[in-house]
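There are 2 protein chains.
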Amino acid sequence: MATKEEKIIHKKITKRSEDYSQWYLDVIDAAELAEYGPVKGCMVIRPYGYAIWERIQNILDQRFKETGVQNAYFPLFIPERFLEREKDHVQGFAPEVAVVTHAGGKKLAEPLVIRPTSETVMYEVFARWIHSYRDLPLLINQWVNVVRWEMRPRLFLRTIEFLWQEGHTVHATEKEADERARLMLKIYKDFAENIMAIPVIDGIKPELEKFAGAQHTYTIEAMMQDGKSLQFATSHNLGQNFSKVFNIKFFDKDSKEHYGWQTSWGLSTRTIGGLIMTHGDDNGLVLPPKIAPIEVILTTIETGQRDASLKQKAEEISNILTTKNIRSQVDSRDLRPGEKFYEWEKKGIPIRIEVGAKEVKEEVFTIARRDSGEKIKIPFDQLANEIEKTLESIQNNLFQKALAMRQSRTKIVDQWDDFVKAIDEGNFVLAHWCEDEKVAEEIKAETGATIRCLPFESVEERGRCIKSNKPSQRRYLFARAY
Amino acid sequence: MATKEEKIIHKKITKRSEDYSQWYLDVIDAAELAEYGPVKGCMVIRPYGYAIWERIQNILDQRFKETGVQNAYFPLFIPERFLEREKDHVQGFAPEVAVVTHAGGKKLAEPLVIRPTSETVMYEVFARWIHSYRDLPLLINQWVNVVRWEMRPRLFLRTIEFLWQEGHTVHATEKEADERARLMLKIYKDFAENIMAIPVIDGIKPELEKFAGAQHTYTIEAMMQDGKSLQFATSHNLGQNFSKVFNIKFFDKDSKEHYGWQTSWGLSTRTIGGLIMTHGDDNGLVLPPKIAPIEVILTTIETGQRDASLKQKAEEISNILTTKNIRSQVDSRDLRPGEKFYEWEKKGIPIRIEVGAKEVKEEVFTIARRDSGEKIKIPFDQLANEIEKTLESIQNNLFQKALAMRQSRTKIVDQWDDFVKAIDEGNFVLAHWCEDEKVAEEIKAETGATIRCLPFESVEERGRCIKSNKPSQRRYLFARAY
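Note that the protein sequences, when read in sequence, are chains C and B.
So the first sequence is numbered by our numbering: it starts at 92 and just counts up by one.
So the second sequence is numbered by our numbering: it starts at 92 and just counts up by one.
These are computed hints drawn from the structure, not numbers from a lab.
There's no promise every hint is true.
[What the hints assert, rightly or not] Taking lysine to aspartate or glutamate pairs in the EDC-like style, the calculated list, with each CA pair at most 16 Å apart, reads: (1) B:449 with B:393; (2) C:197 with B:241; (3) B:197 with C:187; (4) C:156 with B:145; (5) B:131 with C:201; (6) B:502 with B:479; (7) C:198 with B:187; (8) C:197 with B:123; (9) B:198 with C:187; (10) C:198 with B:537; (11) C:277 with C:548; (12) C:415 with C:454; (13) B:198 with C:477; (14) B:344 with C:425; (15) B:197 with C:526; (16) C:277 with C:145; (17) B:415 with B:479; (18) B:131 with C:548; (19) C:466 with C:477; (20) C:131 with B:425; (21) B:156 with C:526; (22) B:106 with B:479; (23) C:131 with B:422; (24) C:529 with C:171; (25) C:344 with B:171; (26) C:558 with C:526.
[Stated by the list, open to error] So the derived list for chain C, only partly shown, Cβ under 10 Å to chain B, looks like this: (27) 162; (28) 170; (29) 205.
Where a beta carbon is used, it is the ideal one built from N, C-alpha and C, also for glycine.
Work out the full structure: start from the sequences and follow the hints.
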């Protein structure tokens with residue numbers, strides 16, 4: 092009989108160069124991150140995948156709260172007529188909603204939509220809460236599940252149900268709302284780059300790509316190893332589009348009634364897909380230490396007779412690491428060393444330390460880096476300091492590697508032929524665009540590339556649209572995208 | 092124009108003695124804990140109510156993890172046929188499920204049920220994960236929303252959608268599963284009594300009251316101030332009922348295949364209802380310090396001219412409390428002192444400290460206790476220690492007060508007339524029962540009382556059923572219940 096461990100060990104991960112899509116699914120399976128549930132397109136997030144989501148939640152939640160945001164919970168069910176109140180919003184979401192028509196054994200008088208996002212259900216309530224300028228700003232966030240009916244599901248990237256946080260704020264002035272929308276994007280960018288080691292380009296979405304109901308959508312875009320872009324998170328300046336239809340008004344210091352200025356911003360479990368596709372290699376997942384549920388795995392080397400002193404030493408090291416706030420785990424299972432190494436390698440643990448009879452006797456341990464495969468021998472008394480330094484080095488290395496890849500694959504292009512070629516070869520392309528939506532649609536139809544954003548760092552520059560040849564002032568970021 | 096603060100200040104809380112049900116709703120409103128959403132029976136958990144839920148989550152989550160439990164996430168949608176596979180389970184839940192029939196603009200081939208609980212969707216997946224004894228025990232928990240169509244909604248206690256955690260475990264032996272079910276009940280009991288200061292009676296549910304699909308249901312029951320019982324949390328020994336229909340099998344060390352032994356256990360946002368009804372008084376919410384999002388509120392006394400030194404002093408005290416891990420907040424809003432006091436009183440903050448010009452000058456501060464209304468003057472340098480002691484004293488006092496109430500209202504009864512009277516007067520009643528379900532139903536029909544449990548501490552005792560007069564060995568706990 093084949094046990095589960097043995098079966099996993101013998102399952103091969105497809106090479107990225109052979110089939111990138113299959114590699115992605117193989118890594119998710121090998122690292123035990125997630126799998127499909129019984130309903131097509133629904134995802135089960137397995138404990139190890141969920142532990143990554145918990146790290147994301149803990150870190151972001153604290154950062155949100157530091158800016159005055161409070162968590163709350165709003166209902167899963169939205170009356171169908173609510174969704175219809177903001178015209179762009181309903182157009183954007185109506186095609187992909189799931190609808191409850193029966194409950195408690197009866198047909199419902201009004202069908203209920205399962206939230207694809209919560210603007211409408213929240214803002215109906217916000218209107219009851221807000222009366223005066225003293226109630227502003229209102230800064231609310233929730234960590235919840237949402238449902239959008241996806242025809243082509245893909246684990247973490249597109250599933251019928253996913254987990255996210257959605258922040259929703261109301262302000263007294265347009266300026267303050269825009270500052271908040273940009274602040275949240277900045278928090279997302281810092282989180283992506285300094286915690287997940289994923290370099291991102293921040294910018295503003297063109298009209299045709301913005302959130303259904305927003306005035307402006309700010310985005311951060313990351314390059315995956317196949318050159319495609321992943322929208323990592325977005326933050327919307329909603330203007331007064333929703334406050335006018337949901338009647339969110341306040342008496343200001345001028346004793347007059349005004350509509351509130353709003354923002355919403357979200358980040359989802361899709362970022363875990365981005366994490367896999369930014370750092371993973373042909374041996375499986377590779378995790379930056381700051382997001383890793385386990386930073387250091389201590390594996391005992393069991394050869395024949397079990398030796399209790401190995402586990403004891405491993406736990407001693409683990410306890411020392413805990414005092415330095417380093418997350419470690421001891422693996423003293425009675426398995427062949429190779430099996431253990433392989434398992435933790437697939438799971439992307441940044442550092443592996445082998446604890447065998449020889450190491451315990453000589454008081455010298457080997458640190459193996461997941462990112463580079465490099466091994467270094469360290470005396471016991473220098474172990475904690477050396478691990479701390481190595482974790483920092485891994486974190487930096489992963490970010491620099493991803494940044495170097497993106498830089499080498501970002502092309503500034505002025506000719507249509509070069510554009511087509513650069514997109515085909517899997518690059519980010521900075522090119523002029525005349526801001527005509529029809530032209531953007533032609534470009535998409537011919538090359539598969541969409542306009543990811545107008546990068547914040549783009550400078551005014553006279554040029555001509557890559558496709559229409561009409562005058563243009565700015566280079567936009569084009570790429571194929573997830 | 093009336094601002095929001097002013098409006099709240101002038102809203103009166105109904106006295107408990109006048110109308111207990113209205114008092115409950117008034118407290119929820121006055122403390123800004125929750126309100127109904129746009130769909131009937133759906134609840135919006137407001138930031139202050141959600142902060143209490145976050146404390147519940149943080150404390151319990153850590154305790155679960157200490158026993159080896161891992162978090163995961165399973166889909167919201169369950170194929171209708173799954174629910175039907177365990178016959179008791181479907182009978183229990185079918186009448187109250189919500190059903191998605193349309194999605195993505197089309198009618199679904201198979202209707203999807205929104206999880207009322209996740210046994211079926213999880214166990215289908217567990218069967219794929221478990222192969223060998225080495226995969227056991229499997230200890231999984233999730234913090235999620237669930238939906239049960241309630242005809243008589245009541246905030247926190249019965250809402251169409253609520254938040255909870257549901258733990259699900261699989262074990263190699265019946266004994267181990269039962270130990271796990273009892274361990275989780277013990278964790279719930281400790282949490283109820285030592286964190287929420289709610290005394291509970293632990294015991295086993297009779298057949299007719301157990302979870303749909305369980306072999307045994309263990310429960311903890313708390314007495315509310317109106318004498319009714321609230322089921323605080325339950326833990327189920329599922330036996331092999333589900334493993335047999337979902338085919339959860341494992342090869343044991345004997346190289347033979349066996350069905351797993353399972354448990355499930357849950358605690359929900361309804362415990363917040365229990366918190367309100369255990370400790371609240373005619374002035375609003377009263378929170379035990381250990382569950383309070385804010386343990387100490389420091390209010391500046393603004394009289395006429397704003398004085399920056401008050402806020403500064405309040406923040407200094409707050410910082411000192413933070414070093415002692417005491418959660419405090421400074422309220423330096425420009426409002427009349429009475430308005431501030433009243434607001435924090437309604438929110439049940441355990442300790443209020445006034446920071447006025449006099450206090451700052453004399454370096455002596457007044458600690459006001461929410462539970463007793465008592466005020467004591469403390470010199471600045473003794474403040475932190477005194478607050479720490481006072482918080483412990485409040486925590487103990489609230490538990491002892493609730494325990495004394497329950498003890499004074501628990502009656503041992505042997506005559507039917509006394510039983511009816513005791514139930515009518517809002518007591519817990521310990522009485523003999525012949526274990527005939529029909530008799531239990533008669534008792535319920537005539538008095539409204541249900542069998543809450545056979546308490547673990549009940550001893551064998553010869554007696555006669557309170558209703559049928561047939562022989563009985565044990566006293567059961569009867570009460571009206573939420």
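Status of the hints after comparison with the structure:
A distance of roughly 12 Å separates the Cα atoms of residue 449 (chain B) and residue 393 (chain B); the hinted pair therefore holds under the 16 Å criterion. For the suggested pair residue 197 (chain C) and residue 241 (chain B), the alpha carbons sit about 12 Å apart, so the restraint of at most 16 Å is met. In summary, the hint linking residue 197 (chain B) to residue 187 (chain C) is supported, as the alpha carbons are separated by about 10 Å, within the 16 Å threshold. For the suggested pair residue 156 (chain C) and residue 145 (chain B), the alpha carbons sit about 13 Å apart, so the restraint of at most 16 Å is met.
For the hint linking residue 131 (chain B) to residue 201 (chain C), the alpha-carbon distance of about 11 Å falls within 16 Å, and the restraint holds. Of the supplied pair hints, the one linking residue 502 (chain B) and residue 479 (chain B) is violated, its CA atoms being roughly 37 Å apart against a limit of 16 Å. A C-alpha spacing of about 12 Å is found between residue 198 (chain C) and residue 187 (chain B), which places the hinted pair at or below 16 Å, so the restraint holds. Among the hinted pairs, residue 197 (chain C) with residue 123 (chain B) is inconsistent with the structure: their alpha-carbon atoms are about 33 Å apart, more than 16 Å.
For the hint linking residue 198 (chain B) to residue 187 (chain C), the alpha-carbon distance of about 13 Å falls within 16 Å, and the restraint holds. The suggested pairing of residue 198 (chain C) with residue 537 (chain B) is violated, with an alpha-carbon distance near 34 Å, which exceeds 16 Å. About 14 Å separates the Cα atoms of residue 277 (chain C) and residue 548 (chain C), which keeps this hinted pair within 16 Å; it holds. At roughly 20 Å between alpha-carbon atoms, residue 415 (chain C) and residue 454 (chain C) are farther apart than 16 Å, so this suggested pair is violated.
About 60 Å separates the Cα atoms of residue 198 (chain B) and residue 477 (chain C), which puts this hinted pair outside 16 Å; it is violated. Proposed proximity of residue 344 (chain B) and residue 425 (chain C) is supported: the alpha carbons are some 15 Å apart, at most 16 Å. Our distance criterion of 16 Å between C-alpha atoms is broken by residue 197 (chain B) and residue 526 (chain C), whose separation comes to about 35 Å. Pair hint residue 277 (chain C) plus residue 145 (chain C) does not hold up; C-alpha atoms about 21 Å apart against a cutoff of 16 Å.
Between residue 415 (chain B) and residue 479 (chain B) the CA atoms are separated by roughly 8 Å; this keeps the pair inside 16 Å, and the hint holds. A C-alpha spacing of about 48 Å is found between residue 131 (chain B) and residue 548 (chain C), which places the hinted pair above 16 Å, so the restraint is violated. At most 16 Å may separate the alpha-carbon atoms for a hinted pair to count; residue 466 (chain C) and residue 477 (chain C) meet this at roughly 12 Å. Using a Cα cut-off of 16 Å, the hinted pair residue 131 (chain C) and residue 425 (chain B) is violated, with the two alpha carbons roughly 56 Å apart.
The straight-line distance between the Cα atoms of residue 156 (chain B) and residue 526 (chain C) is roughly 53 Å, outside the 16 Å bound, and the hint therefore fails. The hinted pair formed by residue 106 (chain B) and residue 479 (chain B) fails the criterion: a straight-line CA distance of about 32 Å is larger than 16 Å. At most 16 Å may separate the alpha-carbon atoms for a hinted pair to count; residue 131 (chain C) and residue 422 (chain B) exceed this at roughly 51 Å. Between the alpha carbons of residue 529 (chain C) and residue 171 (chain C) the distance comes to roughly 32 Å, so the proposed pair goes past 16 Å and is violated.
Among the hinted pairs, residue 344 (chain C) with residue 171 (chain B) is inconsistent with the structure: their alpha-carbon atoms are about 55 Å apart, more than 16 Å. At most 16 Å may separate the alpha-carbon atoms for a hinted pair to count; residue 558 (chain C) and residue 526 (chain C) meet this at roughly 11 Å. The restraint placing residue 162 (chain C) at the interface with chain B holds, with a minimum CB-CB distance near 5 Å, inside the 10 Å limit. Hint on residue 170 (chain C) holds. Least Cβ distance to chain B is approximately 6 Å, under the 10 Å limit.
About 7 Å separates the beta-carbon of residue 205 (chain C) from the nearest beta-carbon of chain B, less than 10 Å, and the hint is met.
Violated hints for the displayed structure, listed by number in ascending order: 6, 8, 10, 12, 13, 15, 16, 18, 20, 21, 22, 23, 24, 25.
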